[in-house]
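Student: Each chain, letter by letter, is given below.
Number of protein chains: 2
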Amino acid sequence: LFYWPGIQGRGEFVRLALEDAGAAYVEVGRLPEAVGGGAAGIMQYMTIGSGPKPFAPPYLEHGGLFIGQTANILAYIGPRLDLVPADEPSRITAMQHALTVADLVTEVHDTHHPVASRLHYEDQKPEALKRAAAFIKDRMPKYLGYFERTLVEAGGETMLGGPTSYVDLEMFQVVEGLRYAFPRAMKRIEKTTPRLLALHGRVAKRPRLESYLASDRRLPFNEDGIFRHYPELDV
Amino acid sequence: LFYWPGIQGRGEFVRLALEDAGAAYVEVGRLPEAVGGGAAGIMQYMTIGSGPKPFAPPYLEHGGLFIGQTANILAYIGPRLDLVPADEPSRITAMQHALTVADLVTEVHDTHHPVASRLHYEDQKPEALKRAAAFIKDRMPKYLGYFERTLVEAGGETMLGGPTSYVDLEMFQVVEGLRYAFPRAMKRIEKTTPRLLALHGRVAKRPRLESYLASDRRLPFNEDGIFRHYPELDV
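Residue numbers (our numbering), protein chains in the order written: chain A, 188 to 422; chain B, 188 to 422.
Just to be clear, a hint being listed does not mean it is correct.
Copies of the same chain are indistinguishable here, so a pair counts whether it falls within one copy or spans any two.
Claimed, not checked - Straight-line Cα separation of at most 25 Å, BS3-like style, residue types lysine-lysine; simulated pairs: (1) Lys324 x Lys312; (2) Lys392 x Lys324; (3) Lys392 x Lys312; (4) Lys240 x Lys324; (5) Lys378 x Lys240; (6) Lys392 x Lys378; (7) Lys329 x Lys240; (8) Lys392 x Lys317.
What the hints contain is simulated information worked out from the structure, not anything from laboratory work.
Work out the full structure, taking the sequences as your base and the hints as a guide.
Tutor: Structure (structure tokens):
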């Protein structure tokens, strides 16, 4: 797995799946730079060798195949880790949900970077205040309400209505991330999503994930990642 | 196919694949409202019936299966329309590129809607000027340069290095859209992407697409869609 070494970010959705399945994997970004790790190492891998390169981390190398884009990685490892049912409709629905999560994640990112990724938050704060207010008022309830309804219509236990899938692990991370970034808004909005919160609680107690979350492999949220806590944005 | 009836938008990537393959399909949004069409019709389909609902258009119904998210629809119809090779690495790479296009499309949308989708462009114009400037300076050359390099490394003819795929059709639409939205910036940047332009030209001349593009099924670009031309943003 190739991802920035200091943040949860988009890579965390992949880490959660690998950890939940007990898969053997190497986080190249967390290896020493001397052996090709670190941020320099993951950047280097994006430019060398033959074959299609990813546009950005995270990406995964498995058996010589490089796979970019978070939802694409999950679609690839899901069946191999028994984290999505084998039938095509389930896989399509799982991918659809993963892409909706990806859209949400991009919108969360843009609450603190509404003008440009290359600028610091402090250089786009007036715009961030406006964008975050709109996100909290309209988008956050819309996404969470959609996930809650989807879960209820699937029977209330899992997002696909069958065994736990990578989509359920994503729901855990969405709740965690929004609670970290927007605790005041989330406290109000999550009252309307009881089944999603119950799912979040069940995922957190899955034995391998519980170990992972308590380990130092689980990086803390911070203000370099995607879910950032700036109190002034949590209106 | 369920998509807004008045715009190209994200639905156009699906239309291009269906049209290129000569597939039989119905655009529900362009049917009269009296028979369940129009914007009202596509919204209605998102709330009725059983099974997973999409978060937003476009979505496709095929054989009772509802499929949301543009890249997910392309991954589903690609093999069925012979618009992606059958091997897994090709499909994964195609999906990776489609998701990178989706990211670009979202960034294009946010050049005119950097604060909130629900507000009019006129109500977020100062922020749009800043975001569009950053997009043109950094992001547009980065995306187009990436696609150009990918194409060159794949042999220079198609994005996957084999027969024409839905990714090539997407490249056509990316060039078309950026030329419409940012003609001045694009005139400068496209000098650095000759292979991408040549691919654009080849796709435009594919017989079924050429007919489609000349027909009234091809909606014109306009300022309700994703690629919008506001001269003040084309710095």
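Student: Next step is simple, just say for each hint if it's right about the structure.
Tutor: Evaluated hints:
no.: 1; hint: Lys324 x Lys312; result: both (18 Å within a copy, 20 Å between copies)
no.: 2; hint: Lys392 x Lys324; result: neither (31 Å within a copy, 46 Å between copies)
no.: 3; hint: Lys392 x Lys312; result: neither (37 Å within a copy, 47 Å between copies)
no.: 4; hint: Lys240 x Lys324; result: between (38 Å within a copy, 23 Å between copies)
no.: 5; hint: Lys378 x Lys240; result: between (43 Å within a copy, 22 Å between copies)
no.: 6; hint: Lys392 x Lys378; result: within (21 Å within a copy, 55 Å between copies)
no.: 7; hint: Lys329 x Lys240; result: between (34 Å within a copy, 14 Å between copies)
no.: 8; hint: Lys392 x Lys317; result: neither (37 Å within a copy, 45 Å between copies)
Hint compliance for this structure: hints 2, 3, 8 are not met, and every other hint is.
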